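Undergrad: Listed below, chain by chain, are the residues.
2 protein chains.
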Amino acid sequence: MSDRLKCVLVVGLGLIGGSFARAVKMRGLADRVVGYDLNPQECQLGLQLGVIDEQAEDLLQAAAEADLVMLAVPVKATEALLETLAPVLKPGTLLTDVGSTKMNIIEAGQRVFGNLPACFVPGHPIAGAEKSGVQASNAHLFERHKVILTPLPETDASAVSRLASLWQALGADVLQMTPQRHDEVLAATSHLPHILAFSLVDTLAHEEQNKDIFRYAAGGFRDFTRIAASDPVMWHDICQANRDALLSQIDQFTTGLARLREAIDQGDSQTLLGIFTRARVAREYFSTLLSGTAYELKPAARSETPTAEPVPSQGE
Amino acid sequence: MSDRLKCVLVVGLGLIGGSFARAVKMRGLADRVVGYDLNPQECQLGLQLGVIDEQAEDLLQAAAEADLVMLAVPVKATEALLETLAPVLKPGTLLTDVGSTKMNIIEAGQRVFGNLPACFVPGHPIAGAEKSGVQASNAHLFERHKVILTPLPETDASAVSRLASLWQALGADVLQMTPQRHDEVLAATSHLPHILAFSLVDTLAHEEQNKDIFRYAAGGFRDFTRIAASDPVMWHDICQANRDALLSQIDQFTTGLARLREAIDQGDSQTLLGIFTRARVAREYFSTLLSGTAYELKPAARSETPTAEPVPSQGE
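So the protein sequences, as listed, match chains A and Z.
Per the working numbering, the very first residue in the first sequence carries number -13; after that it's consecutive.
Per the working numbering, the very first residue in the second sequence carries number -13; after that it's consecutive.
Just chain A, same shape as in the assembly (with noise of 0.2 Å):
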């Protein structure tokens, strides 16, 4: 940021709040990082923790004194945090959350605010873990991660600018897309896994029958359920969040496995040769962008994506 920040309010200490204060904190990007939780027992540890330097005791007074707000909790608390917020927040104020759908937080934001206001740029980390709670916090967990931007023609630029340029001072890869973009992106390449990693591990263990089949799993299986150990709440929250996207994914996925299903009854060898070349062609290529972007950026590939434009830094 080409202007130092003075005082950043973190609301919602857990894992992805947590860490984005360690690491403002750790490469010293703000005079004052003030943590608020509705936990104040996660506030406290994250104080002894130095994740924070102070604890909010009042959010209102915390939040008119910031000049970013950092909104860390979960998607469905969201539009009642705005509504606490709205009063107080100062013009100026650098307003983003980290929620992992985005049409339904700038919904929110405009049952709260009318038009939502051109200082708040909506936003996503991908970056996660299967910890939870502020002792698992991370300062490096961003890190060539990538940090999608959702900001609407209203949002003012030099807010995305100065937003974008914090996240890529934590050492992000940040992209910008539509909102709804960010949905269908999110509900292709999260959503529907998790959702299909669940059904598969709920199916398998529905039946007396099948409780025994856990214990002779093979490789795939294991890669396939470990993603199904997530927070049940959380993807309950999800499902409802982004329901309209991830229906449209199941429907994809669920038509996709039918033909592949009509192939195998009816020994259709040149179709599941084809579905299974296609599917080791696009993964191979899949595999080649992900071990590019884990440890180097390579601006180069990010330009062949029209619809996700990186954010130029505004230190480049």
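Note that these hints are calculated values from the structure, not bench results.
Here are the computed distance ranges between Cβ atoms for each label pair:
hint	chain 1	residue 1	chain 2	residue 2	range
1	A	271	Z	65	31 to 39 Å
2	Z	65	A	259	16 to 24 Å
3	A	252	Z	118	27 to 35 Å
4	A	96	Z	248	23 to 31 Å
5	A	252	Z	26	31 to 39 Å
6	A	267	Z	166	31 to 39 Å
7	A	-10	Z	244	48 to 56 Å
8	A	40	Z	217	55 to 63 Å
9	Z	230	A	130	44 to 52 Å
Every value quoted in this text rests on a predicted model; they were computed, and no experiment measured them.
In this text, a Cβ means the ideal position worked out from N, Cα and C, and glycines have one as well.
Given chain A, work out where chain Z should sit, using these hints.
TA: Chain Z alone, transformed into the frame defined by chain A:
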């Protein structure tokens, strides 16, 4: 084995056959380990790498001399191989295989021999890797992995015991079940997850607008699609070999997914939380099993499984 093996013939020096040969040699369990492969270069490489002691010049002569013949060839090649070997196998020769489906191997044996020979003990080591070929073979591949034997009522019990002891000597955890149950279990825990992964990656890659979706893939997706990199031809063959059990598993899964889709569509929180929580509990139970079997043998846990009795080691 109470009787030391004089001559082991391994037909097919791929990853599994090569690793079996290496493991028998490393542990000094046979006087001679002889290898045969349709591709003479693989066989010569096996000789150079010390995977085998000798390369069989004449398959029939080598089979006539062997007291253990291990068939480690693709499932589809097994019937022709059994026809070739049938005239020369000595009655006391222990014959086994490593095919990942068992009913079709047994049916192939019945077509060749009439009744399955008493000394043919079908087997399946649940071990594999993304690599293939004799170059990738590894003497430790089977350690702490499961080997499932699927004898028929007419199979010689002492042949089963001898083979079980050999696999145990290679570090494997040997279980026994009917070939039908084996094929059901593998359809559920290995073949279905692979089919879902292939189908997911193919469905996402299918549409032009999805080309860039892979770029944003979050953690869940990576786990999920890693297994879609498997060999298309092998999976084509498995889909034919285990067709009925696999179709049944796909149908169960599709029904379960439709139930979950309905709950998302209707915003049915109770059903969603029920499915996600059951899946998480099942997965955690499964993790406990896995962590147990990965590091230690757990006879108490094994005895909970009425349909799959462990085969006692002759040495116990």
